[in-house]
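Colleague: Single-letter residue listing:
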Amino acid sequence: MKPHLTTFIRTVVAAVLFAVTCSAQAQEPDEVYLAANTDFESGNFEQAKLKFESLVEKGLIASELYYNLGTTQYQLGNEGEAMLWMRRAMLAEPDMPDARQNVEFLRTRLGFLEFDDNALDKVLRKSPHGTGRWIGTLCLWTGLICLSGAFFSERFRPNRSTLITVGVILAMFSIVGFQLQRYLDRNVDSRNFSTVVAPNAAALTAPSPDAKAVIALPPGSEVRVLQTSGQWCYADIPGDLRGWIKSSQLKANWPVPPIDS
Amino acid sequence: MPRRIVIFLLTLFFALPLTAQDNSGAQTIFSSELLNADNKIPIGEYGTLVFRFAGGDVDMPAQIPAEGLEISHSQKHSNFSDVNGVSTFVTTHFYRVRGTELGQYRIPSVSVPFKGSEVSTQPIVVAIHERDDSDAANASRSEFGKLELDKTEFYVNEIVPFTMTGYVRGRNSINDVVRAQLEHESFIFKGFRNVRTNASEIGNTLFSHASLPSTFFALKPGEHRLGPGMMAVRVLESGGGRGLSAFFARTSLKELATNTVTTTVKPLPEGAPASFTGGVGVFLINAKPSTTELNVGDPISMDFEVTGVGNLRTMSAPVFSSTDENWKTFDPAKTLTDEEDSDGIEPGTVRFSQVIIPEFDATEIPSFELTYFNPINAEYVTLKTDPIPITVSDDGSTYEVLEEPLNVSSNNSESSQAADRPAPAFEDMLHIRLTSPRWMAEISPGKPGTLYLVVQVAFSIAFCTIVGFGLFRWIKRHQLRINHPGAPTTFKQSLKRIPKAGAPRKEFYHAVSTSLSLWQKENTDAPPPVQDLIDKITRRCETFLYSGESTSDAPIDPDEAGELHSILRRLQTQ
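First to last, the protein sequences are chains A and B. Counting from 17, one number per residue, gives the positions in the first sequence under the working numbering. Counting from 2, one number per residue, gives the positions in the second sequence under the working numbering.
Hints are supplied without guarantee of correctness; some may be wrong.
As the list claims (entries may be wrong) - To list a few chain A residues with every Cβ distance to chain B over 10 Å, as calculated:
1) Arg26
2) Leu81
3) Gly146
4) Arg149
5) Leu186
6) Gln195
7) Pro215
8) Leu257
Unchecked claim - Selected chain A positions facing chain B (in silico; Cβ < 8 Å):
9) Asp46
10) Leu76
11) Ala108
12) Gln117
13) Thr124
14) Phe128
15) Phe167
These are calculated hints, taken from the structure and not from any lab test. All residues carry an ideal CB built from backbone N, CA and C; glycine is no exception.
Sequences are here, hints too, so could you generate the full structure?
Modeller: So this is what it looks like as structure tokens:
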């Protein structure tokens, strides 16, 4: 009985130690986050930025973290970076009111270019992610089952014409669903967009510093990268324009690249 | 012989006109003529000028230039006519002639080329005269227009009502008025907004008429001849049918010219006060400030409402009577809609708004003055608003907005003006969030998740099951067909192979038995009564085929075969 008791006590102690260690590890990001907030409030924005970035480097995701990093970047005069982090905050929490308000402020201050949402975009933006894919998939499978039932099942033979009609209609709906998802991924999902972070960026007619300008891109401007060629990106620009932009002047909204880059 | 005579006569008949035409060079005559009596055309009305060319056709111009006249081509007509005893091809060109000023004018000679040379007409002198507008003269016309002014002597800027009326002989003859036009460089016309149609007798003749009331005012003093006005009306050609016939009646467009009216426009008397702003008529003024309690430098919006009969279009805002430089004034704004404009008979309303700013602690808003000219008494009248007491402070205290808005009657004094919603300023970023972050595993995934894959698998299984069973059944049948070539594999096929009446009885029952067994395989959920019937027939077939009781291979009789055929057909349709 005694050796059993010793083993039990050892096991319990080990479990408690493991739990405490894990808890300490879990609390560490919170502590860094609070320390960064303290630095911000004391006006030490550079330190606050480094601490927030260290959390991002670890792959931590939180709308508050992105939002605070964006606000810090603004205090440091990096307005393009500030807009980028506000967009990332809204990716993590689409209805985040603080981020919306700051975006409105930056929009007024910087006058950056943005893609206009049409009525369809506004509706799709509110729909859950992957709506088109789900509609397409469910319609396609249901349509295929109807068609297979019509052709391969003796039981459904009397309703063959109805099943074929329903199957064809559902197959057509599935095409609409997949097209909707394609449109959503391309035009609405802000993960496909990049933000201009450099202060004096411009879209050029060719991937060369000597090329003529298409349009100036104020920091915070939104572009959609179509092709990357060396140090240049060929991108869609709001206002039905296209041009070449230096890759170093852009940052993808998502995923968050390593901070050093 | 008689046939040759007929051919000769026919040839002669057709050849004669051609000969006349060929020889027409010798008969060439080009003439012009005005079809109006005594070469006189009433002012504004159309006369008809014709050019006749005997001996062929010539190209005539679309317009003939003539000083004081409008001459335009309207139509062409050709026929054979007897000219100096010779049948000649004659072309007649019709032109419309109109003059809009009284006087004598000359239609010039017209020359046109013909076969290498030029042929010309003689000039014609036309007199454009004032139309006889008496009832007796009008009654003799089939249609005409009439311009009537309320008065022919009036002041500059005075609103004068007038009516342009189109008359067409017959009841309900006018279908609609397509357009109306009355122009003069010294007058401003309001335009024709409504049409009144009616019928009346002129000299014992019934006329339909369409009246277009409107107003004008003169810009320049002096004597002016107004008109002729032009009206285009659509006239019912059937003479004005009723009911269904009126619905299908054909219409034609007629242009009606009105008489002219000589007007005397008097200038406004000299010595107009400084506050005269151009209004001519009889008016009243009402003024209201947007606030009476304010700080120094705060704006006051003065709203004026001028109501009355007269010309509101030429009127400008009331004049601020104070010359104190501590009152800062801005340009006034004017609001006048067509609906609220005066037509010279009914009163209208014009609104002015002017911002004034006291730059000192004023105690009242000084009066505003508005002077207008009254054409009835031929005098200038000055209206003055009462000074409005105000409280102006310079301590930054808030001011009160007047509760009663402009244009609200006194019994509605409880309603209040809606406040403007403040707009966000966006002057700086919001502060950072101080709450603990809610760490997330990932943001909404861009790629499909586990649930999506599970659903895919479930649907795939269902699909493959149905297709698999179907394929299995098909393979089974296929093998059966290979092993027993010629044997039916479905109930439908087996029905086709059942022999007809007269076939050997054994063969017939064997085929029926096969059919029934296939039907049972295909319809496992058949209702019990049907199942019982199938069992009975199956037993009957087996009894015959396998009991050995019947050895006869005699042909099956038609009644028996018919009964079984009937049952099997009903099974097929079930």
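Colleague: Go through the numbered hints given earlier and state which of them the structure violates, listing their numbers in rising order.
Modeller: 2, 3, 4, 14
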